[in-house]
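Undergrad: Can you make the complete structure from the sequences, with help from the hints?
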Amino acid sequence: MNEMLAQLPQQVINGLTLGSIYALLALGYSMVYGILRMLNFAHGDVFMVGSLIGWGVLQLFIEEGTTLARSGLVLVSMVCGAVIATSVLGGAIERFAYRPLQKGSRLTTLISALGASIVLQNVAMLLTQGRAKAYQTELVISSDWAIGALGATISATRLIIICVSIGLMLAMDYAVTHTMLGKAMRATSQDREAAEYMGIRTQQVISAAFVIGSGLAGIAGVMIGLYYTQVDFMIGFSAGMKAFTAAVLGGIGNIRGAMAGGLVLGLAESLGVLFLAPVYKDVIVFSVLIAVLILRPQGILGKPVDEKV
Amino acid sequence: MKRRFRLRFDEMRNLVKFVSMVTLILCVGAGFVYGKELPPVKIGAAGPFTGDLSKIGLDALNAIQMAVEEANAEGGISGRKIEVAIGDDMGDPSKGVLVAEKFGMDKNVLGIVGPMNSATVSAALPAYDRAGLVIISQSATNPDLSERGYRVMHRICPRDDAQGPAAARFIAEEIKAKNVYIIDDKGTYGQGLADQVAAALNQIGVKVTRGQITLEDRDFSPILTRVKAAQPDLVYLGLSNPAQAAGLMKQAVGLGLSAGFMGGDCMKEKDQLVAGAGGTAEGMYVTAIGRDIAEVPAAREFIKKFEGKYGAMSVFSGQSYEATKILIEALRTAAGDNPEGLTKAKALDAVHNIRDYKGIMGFPIGFDEKGDVIGASIYVYQVEHGDFKEVKEYPAEV
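From first to last, the protein sequence lines stand for chains A and B.
Sequential numbering of the first sequence, starting at 1, is according to the working numbering.
Sequential numbering of the second sequence, starting at 310, is according to the working numbering.
There's no promise every hint is true.
Said to hold, decoys possible - Computed cross-link-like contacts, DSS-like style, restricted to lysine-lysine with a CA-CA straight-line distance of at most 27 angstroms:
(1) B:Lys614 with A:Lys133
(2) B:Lys579 with B:Lys618
(3) A:Lys133 with B:Lys698
(4) A:Lys133 with B:Lys495
(5) B:Lys485 with B:Lys516
(6) B:Lys614 with B:Lys390
(7) B:Lys579 with A:Lys133
(8) B:Lys653 with B:Lys404
(9) B:Lys667 with B:Lys701
(10) B:Lys351 with B:Lys667
(11) B:Lys579 with B:Lys698
(12) B:Lys411 with B:Lys390
(13) B:Lys579 with B:Lys495
(14) B:Lys679 with B:Lys351
(15) B:Lys667 with B:Lys679
(16) B:Lys516 with B:Lys701
(17) A:Lys133 with B:Lys618
(18) A:Lys133 with B:Lys613
I should point out that these hints are in silico values taken from the structure, not numbers from a laboratory.
Quick caveat, the model's predicted, so the values are computed rather than measured.
TA: As structure tokens, then:
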């Protein structure tokens, strides 16, 4: 019991870090689902591409075991590189893999999404030759920068991840509730046809949702690289599954729900490890999902949907 | 008008008939002529060429292909060309069985290099046995594999029940650790090796705590937080993916964990482990199931050629190259002057009877009755200045 209590603060920090990354990813899932009622299974792989691009940018700055520029500049460049790449990629996937199929059934786009995911994964495998790419996190954010509190080590990396994610989530929340684009998004998600009659260019709104969601995935990709310290072409799959779970958990289609779902999921995963062996952490995650689906099928913050006739 | 059309239609029909006949005759004739040349002998390469473990799979596949190209330049097998048939099992036991079935159905596949993972070998062995197809695994170390009585089973790496006790001896006698935390990846190889190390350590009287992760894990904070609470002197990694070990060690630093690390033969990988861990692997120990072939004079030419063609080499490249060469040597013996009469049964006998094969591994290779390699040693290496340095050698005894 004592040992368990001693681990508690650290696992909470672990959970918050992981949860905020899941939340960022879940945002993209939920946004797209809210507007198009479609599951973008390629989202996890866009995130993987973001993490690999972040790694590539980092390599440009590293020479002989030191960075050529200040940490802040390196981090900003990594994030910018990843965000630009993933936004373009997300926009392109929407334009070429989903838009042509929009008139078809929802299953068609779902299959197209799976296809896009497989393509991205295999292209990444060929380009990286299946090797894991090591993020030299310690060169950018020194592992000495850490705060010790209650027996937990809060490294600067974790702190940055948590703060940046929460900042981004607040910004997203504000954007959705207070800007014209956010209003257009909400309108499109409620009734696309009616929104179009009101003069909203829904096609552009959809593109914007994909671009923004993918950009967030790019940032999450860089963060996961810094946190895990290495990335490979397979990370998209499990991250995508977790993000999808987080989105469903929070109530899919609901932006705030996605954030809450991500944090709950991350914390459940880390705190569950206190009671069960770490090897069961995914079991815990999916048990939480099943429990929520049984007790509250619409998700934590979701509203019950009236069956459309 | 109508009549004319009919006439032309009949003419056309005759023409079509004629052309078909000629084509048919030509085809049969061509088949006859080509039939004289013997079909190529196929060597099956089974391993994880895509998926989580594709790195080690591709290291192996490149080496297998290189060995076959060299053998073809020397005239193949008594004049018959050699081809590599690729069977990608993704490290997944169920796919390993499919690969084995596929190879079993191809009558020109006469021997297999691989499968590489203990789990895939374990699952696929019955299928290879049914087909009577000899396999030489370059890296499956789980002891059980050669204890099940399948005659097709051969491997050129020593077993975990040789490696585990050697590692335990080193931990107790050289590192003098009192409290060891063992992490494994639940895989046939990883958990199997961890079991061996744990059993040997328990016997010596060293305190052991166990923990597990999965092959898919990239986030090691949960397990590391537990490790930190147990305050071990040494963390032993029974993992099959060196990149996972590298990530784990880097994340350990982030959590302020200061214990030393040790791992099994799969960890001995410069690019993924040492470079991947970015300095945190320094001082880590790994056991190896063969000498670093860079120190074997006979391997120099191979290393130069391999690195010139494919870049960095790993332990799997050397072992795959050696396994392929042994298989080719056996096939040549089995073929003798009669390459046409080469069969799976003859290939199996020839591999089984290989003795004192001198290749690039630095010791003469032969197989015992169970198909286990004879004469191997277990080596302990330490990471020093970004490279592996040999610190100890133990004879591989079971």
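Undergrad: Next step is simple, just say for each hint if it's right about the structure.
TA: Now for the hints, and whether the structure bears them out:
1. For the hint linking lysine 614 of chain B to lysine 133 of chain A, the alpha-carbon distance of about 25 angstroms falls within 27 angstroms, and the restraint holds.
2. With a CA separation close to 18 angstroms, the supplied pair lysine 579 of chain B and lysine 618 of chain B stays within the 27 angstroms bound.
3. A hinted pair counts as satisfied when its Cα atoms are at most 27 angstroms apart, and lysine 133 of chain A with lysine 698 of chain B qualifies at roughly 24 angstroms.
4. This hinted pair checks out: lysine 133 of chain A and lysine 495 of chain B have alpha carbons roughly 23 angstroms apart, not beyond 27 angstroms.
5. With a C-alpha separation of about 12 angstroms, the suggested pairing of lysine 485 of chain B with lysine 516 of chain B holds against the 27 angstroms cut-off.
6. Simply put, lysine 614 of chain B and lysine 390 of chain B have alpha-carbon atoms about 22 angstroms apart, close enough for the 27 angstroms limit, and the pair holds.
7. For the suggested pair lysine 579 of chain B and lysine 133 of chain A, the alpha carbons sit about 13 angstroms apart, so the restraint of at most 27 angstroms is met.
8. For the hint linking lysine 653 of chain B to lysine 404 of chain B, the alpha-carbon distance of about 23 angstroms falls within 27 angstroms, and the restraint holds.
9. The suggested pairing of lysine 667 of chain B with lysine 701 of chain B holds, with an alpha-carbon distance near 23 angstroms, which does not exceed 27 angstroms.
10. Proximity of lysine 351 of chain B to lysine 667 of chain B is assessed by CA-CA distance (about 23 angstroms); at most 27 angstroms being required, the pair is judged to hold.
11. Using a Cα cut-off of 27 angstroms, the hinted pair lysine 579 of chain B and lysine 698 of chain B holds, with the two alpha carbons roughly 12 angstroms apart.
12. Distance check on the hinted pair: lysine 411 of chain B and lysine 390 of chain B sit about 21 angstroms apart at the alpha-carbon level, within 27 angstroms; holds.
13. Our distance criterion of 27 angstroms between C-alpha atoms is met by lysine 579 of chain B and lysine 495 of chain B, whose separation comes to about 24 angstroms.
14. With a CA separation close to 25 angstroms, the supplied pair lysine 679 of chain B and lysine 351 of chain B stays within the 27 angstroms bound.
15. A threshold of 27 angstroms between alpha carbons decides the hint, and for lysine 667 of chain B with lysine 679 of chain B the separation of about 20 angstroms falls inside it, so the pair holds.
16. For the hint pairing lysine 516 of chain B with lysine 701 of chain B, the CA-to-CA distance comes to about 23 angstroms; that is within 27 angstroms, so the pair holds.
17. The straight-line distance between the Cα atoms of lysine 133 of chain A and lysine 618 of chain B is roughly 21 angstroms, inside the 27 angstroms bound, and the hint therefore holds.
18. In summary, the hint linking lysine 133 of chain A to lysine 613 of chain B is supported, as the alpha carbons are separated by about 25 angstroms, within the 27 angstroms threshold.
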